[in-house]
Amino acid sequence: MRFSLRPQDSVFYEYFTKAAENLVRGTELLIELSVPNADVQSVSERLVEVEHDSDAITHELYNRINSTFITPFDREDIYRLGSQLDDVMDHLEAVGSLLYLYGLTSLPSLPREMHDLVAILDQQARLTAESLPRLKAMKDLKEYWVECNRLENEGDRAYRMLLVRLFSGEYDALTVMKMKEVADELEAACDAFEHVSNTVETIAVKES
Amino acid sequence: MRFSLRPQDSVFYEYFTKAAENLVRGTELLIELSVPNADVQSVSERLVEVEHDSDAITHELYNRINSTFITPFDREDIYRLGSQLDDVMDHLEAVGSLLYLYGLTSLPSLPREMHDLVAILDQQARLTAESLPRLKAMKDLKEYWVECNRLENEGDRAYRMLLVRLFSGEYDALTVMKMKEVADELEAACDAFEHVSNTVETIAVKES
Amino acid sequence: MRFSLRPQDSVFYEYFTKAAENLVRGTELLIELSVPNADVQSVSERLVEVEHDSDAITHELYNRINSTFITPFDREDIYRLGSQLDDVMDHLEAVGSLLYLYGLTSLPSLPREMHDLVAILDQQARLTAESLPRLKAMKDLKEYWVECNRLENEGDRAYRMLLVRLFSGEYDALTVMKMKEVADELEAACDAFEHVSNTVETIAVKES
Chain A
1 MRFSLRPQDS VFYEYFTKAA ENLVRGTELL IELSVPNADV QSVSERLVEV EHDSDAITHE
61 LYNRINSTFI TPFDREDIYR LGSQLDDVMD HLEAVGSLLY LYGLTSLPSL PREMHDLVAI
121 LDQQARLTAE SLPRLKAMKD LKEYWVECNR LENEGDRAYR MLLVRLFSGE YDALTVMKMK
181 EVADELEAAC DAFEHVSNTV ETIAVKES
Chain B
1 MRFSLRPQDS VFYEYFTKAA ENLVRGTELL IELSVPNADV QSVSERLVEV EHDSDAITHE
61 LYNRINSTFI TPFDREDIYR LGSQLDDVMD HLEAVGSLLY LYGLTSLPSL PREMHDLVAI
121 LDQQARLTAE SLPRLKAMKD LKEYWVECNR LENEGDRAYR MLLVRLFSGE YDALTVMKMK
181 EVADELEAAC DAFEHVSNTV ETIAVKES
Chain C
1 MRFSLRPQDS VFYEYFTKAA ENLVRGTELL IELSVPNADV QSVSERLVEV EHDSDAITHE
61 LYNRINSTFI TPFDREDIYR LGSQLDDVMD HLEAVGSLLY LYGLTSLPSL PREMHDLVAI
121 LDQQARLTAE SLPRLKAMKD LKEYWVECNR LENEGDRAYR MLLVRLFSGE YDALTVMKMK
181 EVADELEAAC DAFEHVSNTV ETIAVKES
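Heads up: the sequence lines are chains A, B and C, in that order.
If you count by my numbering, then the first sequence holds residues 1 to 208, one letter each, in order.
If you count by my numbering, then the second sequence holds residues 1 to 208, one letter each, in order.
If you count by my numbering, then the third sequence holds residues 1 to 208, one letter each, in order.
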């Protein structure tokens, strides 16, 4: 393994950008699920592929951290940011897998409140993909974390409304339990996006 | 924004005291719910107000941290303590909101074990409000975190007994699921009080 | 309390080894539950005893940290490792308690997928007990954390399959909810083992 002595800034930023663009592919797949008669098995399989891509990006990033003497910012923060971007993808993948494994595809449609939560995740993914390239110049990042936090609050409300719907008496108890597992993964993805933005905030504050 | 050069000790301690007193207002509102025919909507609305007050206190505290050069103890610990006091309130507010949103008010009464857990939260809140002012002198804090930890263990047992009651067969499955969400928020509040006391312990150990 | 000035390496490593061996006692007790007509009450009571032993070991370890000037590695990492070993035991004990408290013993047998998860926990416990003594020489630890991580991934899959089984329609809703609580504790134990191995990795990387 060759070791480089000077900061290979660009390389690290490229990993973050690739990881965030991958999350947009993930939320786009979840949006496909809102179409009536969506092919859940196919969506779930493609989510697994996208998740494998994320794992590969994270793995390459870690190798790069270990083989670089001087990193553009704290080694630990680079590690954390990579790992948190990967966490988001794990939750997106789980949503597809659980819908498929629990046989929720036999329902005529998923509750509208579930699509609302997916739409918020998609906004968070796009915002993250647009904003992470600005890490390089360390500029105009505040609007990113403020907006990401706002979306997370919106996600909390959407999650609460989804539970109200699930508990409304419209579904039988086992279906409610299955959908609650899916809802929990959606909400965890929403939180995981906020963890990414918190780390970006920490990095920006240190560098300012 | 004016910057101050010397430690504005008193100001920081006042924020912590105000935040902890606000938590007592929160648990007092939850106690109102144990009265038969409690007006859950009114309690829930007042909890939202108290939670907004907490947000305002936290926000002012953060601004103060950012505009002060020398803080009475680690900037990061002040930040964490403020944020953890705010977390407790978020869980207290959630209890009221969920009871109202899920329509659990139509039950003749909430299980006694739920009130037991609320009573423990109220003790934690009072203990926290009494103890945080002692941060200034950094004295007699150990009894606080020992007692807060004891209450958290008691809360764990009360939570377990609450689940045993919920799963006893007395309630239908959907009602159990709704009350389990409320129980989880109560238990999270109990844990959140312990996180506050852990941070106080960390601060006290560093300063000793 | 006597204070020692030079690193009492051996003592710390002995605590870790004892704590890990105690976890093997814990998972062995859980394996007893897979035998038809297992005496759940007796297993649960013995788990409580094993958990008390863990608490005592952790307590002694903390006292030792506080009375030693020079520790073999970062004080904070020793503290974290001790506390994380104790966390695993808390989850193992909870499994026994919940099975007993919820009266799940009246079921003819627990789902096979639950035993699969217990078998993975037992592998993690044995691996941890075998590997922690190598902390002293700081050698050959990588295979430990790689394998522990692999087992945790296997545990995630086993947990998912357990939920699929619980949601299959074979059990009534209340029984599903009770077993889901037990499943969550098993999965938390699996994660908790990984936290231990993550801390060992952190320590090894710092020392290398």
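Rather than coming from a laboratory, the hints here were simulated on the basis of the structure.
Since the model is a prediction, treat every value here as computed from it, not as a measurement.
The C-beta atom is built at its ideal place from N, Cα and C for all residues, glycine as well.
You may find that some hints are simply not true.
[Unchecked claim] Residues from chain B shown here face chain C by an in silico Cβ test under 8 Å; the list is partial: (1) ARG160; (2) LEU163; (3) VAL164; (4) PHE167; (5) GLY169; (6) ALA173; (7) VAL176.
Right, here's what the structure says about each hint:
no. : hint   : in the structure
1   : ARG160 : 7 Å, holds
2   : LEU163 : 7 Å, holds
3   : VAL164 : 5 Å, holds
4   : PHE167 : 5 Å, holds
5   : GLY169 : 6 Å, holds
6   : ALA173 : 4 Å, holds
7   : VAL176 : 6 Å, holds
Against the hints set out earlier in the document, no violation occurs for any number.
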